[in-house]
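Engineer: Take a look at the letters that make up each chain.
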Amino acid sequence: MNSHDPFTLALSLILSGDPGLFGIIQLSLQVSLSAVLVASLIGLPLGAAIALFRFPGRGLVITLLNALMGLPPVVAGLLVYLSLSRAGPLGQFGLLFTPTAMVIAQTLLVLPIIAALTRQAIEDLWEEYREQLQSMGSGRVRAIPTLLWDARITLTTAVLAGFGRASAEVGAVLIVGGNIEGVTRVMTTAIALETSKGDLPLALALGLVLLALVAAVNAVAYLLGQASRRHMQ
Amino acid sequence: MRCFRRLPSIAALILLVAATSAQVTADTTFITLASTTSTDQSGLFRHLTPKFTERTGIEVRVVAVGTGQAFAIGRRGDADALLVHHRAGEDEFVAAGYGTERRDVMYNDFVLVGPRSDPAGVTGTQSIQDALARIAESESAFASRGDDSGTHRKELQLWAMADIAPAGRWYRQLGSGMGPTLNTAAAMDAYVLTDRGTWLSFGNRQNLIIVFEGDESLFNPYGSIPLNPERFEWVKADLAQQWHEWLVGEEGQAAIAEYHIDGEPLFFPMNTGAPSRVE
Amino acid sequence: MSGLPLASVPDPVLELRNVSFMRSGKVLLDHGNLMLTQQGRTIIIGPNGAGKSLLMRLAHGLLEPSSGTIVCRHNGSGTPRQAMVFQRPVLLRRSSLANVTHALALRGVPRRIRRNQAEQALARFGLTHLAQRPARILSGGEQQRLALARAWALEPDILFLDEPSSALDPAATKAVEDAVNVFFRKGTKIVMTTHDLGQARRLADEVVFMCCGRILERTPAATFFDTPTTVAAAAFLRGELVLAPWESPTPLTTNG
Ligand SMILES: Nc1ncnc2c1ncn2[C@@H]1O[C@H](COP(=O)(O)OP(=O)(O)O)[C@@H](O)[C@H]1O
Ligand SMILES: [Mg+2]
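Just so you know, the sequences run in chain order B, F and R. Count along the first sequence from 1, add 5, and you get the number used in this note's numbering. Count along the second sequence from 1, add 5, and you get the number used in this note's numbering. Count along the third sequence from 1, add 134, and you get the number used in this note's numbering.
I should point out that these hints are in silico values taken from the structure, not numbers from a laboratory. Cβ coordinates follow ideal geometry from the N, Cα and C atoms, glycine included. Please note that a few of the clues may not be correct.
Stated by the list, open to error - Computed list of chain B residues with no C-beta within reach of chain F, every gap over 10 Å:
no.: 1; residue: Leu198
no.: 2; residue: Ser201
no.: 3; residue: Asn223
no.: 4; residue: Ala224
no.: 5; residue: Tyr227
Claimed, not checked - So, partial list: chain R residues that the calculated Cβ filter (under 10 Å) puts toward chain B:
no.: 6; residue: Leu188
no.: 7; residue: Arg191
no.: 8; residue: Gly195
no.: 9; residue: Phe220
no.: 10; residue: Pro223
no.: 11; residue: Leu226
no.: 12; residue: Arg227
no.: 13; residue: His236
no.: 14; residue: Ala237
no.: 15; residue: Leu240
no.: 16; residue: Pro244
no.: 17; residue: Arg245
no.: 18; residue: Arg246
no.: 19; residue: Arg284
no.: 20; residue: Phe294
All chains, full assembly: derive it from the sequences and hints.
Structural biologist: Right, here's the structure in full:
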């Protein structure tokens with residue numbers, strides 16, 4: 006058993022400037038932030054559209070979206086694996102075991118969270134704004150950007166929840182990325198690997214580094230939120 | 006205020022650039038090798054693949070998964086070569102036309118690990134069958150992988166050879182990889198069958214020690230199989246073949262032999278020169 | 135039938151013809167007929183639940199009538215621009231200025247002149263110093279003034295106001311009434327509801343009296359407050375409880 010205390014180890018890992026660790030941190034951020042970005046670009050307008058429009062099967066879509074928030078990462082990983090596999094429908098792109106595949110899998114995990122939370126937030130806001138916006142001649146489509154911007158504080162939380170899910174999950178990236186050292190190894194898969202090697206202190210130290218990373222991203226988002234809140238309530 | 010409005014789009018732009026740059030750097034010559042977690046965790050690939058890359062300029066990307074999953078990846082053509090240790094499965098794989106040929110690369114062995122106190126009295130038994138029988142009789146805790154991995158299949162085969170159908174509260178099927186199984190066994194002072202490579206590099210041993218080793222039936226051969234380009238036209242057959250031949254060749258075999266942990270060799274080269282073809 | 139014979143007037147700007155509105159089997163507006171001209175301030179009064187807000191929303195186009203037609207005309211042919219100020223102002227979670235520029239954007243005003251127009255509108259209602267303040271933290275009176283400034287920027291031909299000062303203190307109420315007159319002097323048609331008879335007296339050029347989902351009369355202010363046409367209006371002016379016709383022994387529509 007390694008005698009290092011995980012906190013000291015975590016600190017020395019960061020301070021050591023180990024390029025391997027920094028590569029893993031960078032890839033983790035790249036993959037999860039890209040997934041959150043793509044999921045936001047799709048999920049925010051999608052969630053708003055579901056909030057504003059009535060169509061047959063809407064209740065089913067909302068239920069499905071809410072249920073998908075709990076989609077097990079392994080299942081998402083498996084679906085993406087089967088699609089990107091050479092024998093699968095998107096096989097010709099050769100994306101399996103690349104960071105792109107990991108972004109796709111995490112997007113699948115994050116999208117329902119962002120879309121479902123957006124739907125809820127926008128529906129509430131639309132309830133409040135509907136008559137005023139209609140009075141000013143805004144159609145429903147035109148109302149989407151207005152509502153998204155005005156719900157920005159709630160939506161930031163939704164996006165951060167999505168980022169939390171992306172950066173914490175291991176099941177999906179493990180399957181579609183393959184945890185290849187230097188290519189697709191991210192924080193969570195590295196932690197799983199060290200755990201299975203029995204190096205529990207190192208695993209825990211990496212966990213602390215990941216936690217610090219997620220906290221840092223949240224802090225940046227919080228500060229940006231504060232800055233914009235000061236200017237526009 | 007103006008600049009705050011633009012912040013989101015600026016952030017988005019930075020992210021997009023970051024995301025695309027990850028793709029640009031992935032433009033090197035490489036093969037994808039599907040192998041097992043135990044092999045990867047022994048640290049062997051870190052020792053082996055740089056030597057191969059130095060010689061050929063080909064990077065080897067190792068996807069380390071369970072034996073069953075490695076074969077599944079191979080059957081879908083999602084790797085260029087396999088390095089696994091389940092003889093029957095390997096022969097079947099080649100026979101079904103997924104791979105071109107199978108060659109012996111190296112072997113290591115399995116060891117029976119258990120608590121220092123050895124409640125079943127396994128130490129000093131003459132055969133692995135005997136050792137397992139004592140564990141079953143005394144109903145001492147035994148941790149089984151239970152994940153249909155190569156090691157799990159090997160364990161089941163050993164129980165069968167000992168004429169025992171393990172069952173009961175003492176026999177715990179964990180359904181996890183070698184490392185997690187060892188972690189669990191260490192936590193509950195259970196006996197467990199493991200490959201020597203994983204054991205040697207395993208950090209969290211607590212009370213566990215090797216209680217039985219050296220039986221011939223604990224022998225664990227590894228085979229290399231390049232994927233069949235006739236079946237999967239996209240595989241990098243040339244590069245995979247170079248890797249395959251390098252492994253069983255003089256240089257690869259020497260590299261395997263010189264890999265040690267704490268002064269102990271983990272794998273023993275076993276190239277007989279002849280490919281074991283299954284027609 | 136509550137259809138009133140309305141004096142034929144030139145240049146009607148808004149006309150309701152036999153407009154009914156029903157929800158879940160209840161008739162909330164019963165064959166309403168009303169013709170409003172471009173001139174003057176029309177104040178709609180009536181007891182709670184009479185359908186005043188409903189009438190406004192129908193006229194403004196926020197609700198579709200169940201039957202009947204609503205015709206808007208401007209200078210004989212064009213569609214009049216409309217704006218509405220609600221009882222509780224609905225302001226976007228942005229600065230005061232951004233609230234106005236957003237409304238201008240919706241109206242299709244080019245970006246480069248929006249800011250200038252918005253600033254002028256804020257200045258018109260004494261809100262310049264609050265331009266960068268988040269609209270949501272303004273006081274109730276300031277918020278309603280901002281809602282009026284936003285309406286002002288849209289340069290409406292008809293301005294609907296639904297009890298715009300019912301939640302405000304006297305000073306803020308005065309500011310709202312002054313603002314209404316600013317619109318009026320510019321030639322904007324004012325259509326406003328209030329439950330405050332004093333306010334109705336101060337502002338009205340003509341009064342529309344509603345009760346129980348029916349438009350009972352439209353009378354010039356000068357005569358309405360002294361001699362309303364209907365029993366119900368007379369009772370309402372005396373401060374009596376006005377009951378629905380099925381609850382009341384006396385007919386609503388004939389005086390005496
Ligand atoms: N959209 C609607 N759906 C159903 N009922 C409504 C709707 N709008 C108003 N009502 C009902 O119509 C009646 C008149 O409401 P309203 O116009 O708000 O009265 P007021 O004269 O006090 O403004 C009330 O009984 C109200 O409950
Ligand atoms: Mg009302």
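Engineer: If a hint holds in the structure, say so; if it doesn't, say that too.
Structural biologist: Hint-by-hint comparison with the structure:
| no. | hint | result |
| --- | --- | --- |
| 1 | Leu198 | 8 Å, violated |
| 2 | Ser201 | 3 Å, violated |
| 3 | Asn223 | 14 Å, holds |
| 4 | Ala224 | 15 Å, holds |
| 5 | Tyr227 | 14 Å, holds |
| 6 | Leu188 | 12 Å, violated |
| 7 | Arg191 | 7 Å, holds |
| 8 | Gly195 | 8 Å, holds |
| 9 | Phe220 | 7 Å, holds |
| 10 | Pro223 | 8 Å, holds |
| 11 | Leu226 | 5 Å, holds |
| 12 | Arg227 | 4 Å, holds |
| 13 | His236 | 7 Å, holds |
| 14 | Ala237 | 5 Å, holds |
| 15 | Leu240 | 5 Å, holds |
| 16 | Pro244 | 16 Å, violated |
| 17 | Arg245 | 14 Å, violated |
| 18 | Arg246 | 20 Å, violated |
| 19 | Arg284 | 8 Å, holds |
| 20 | Phe294 | 8 Å, holds |
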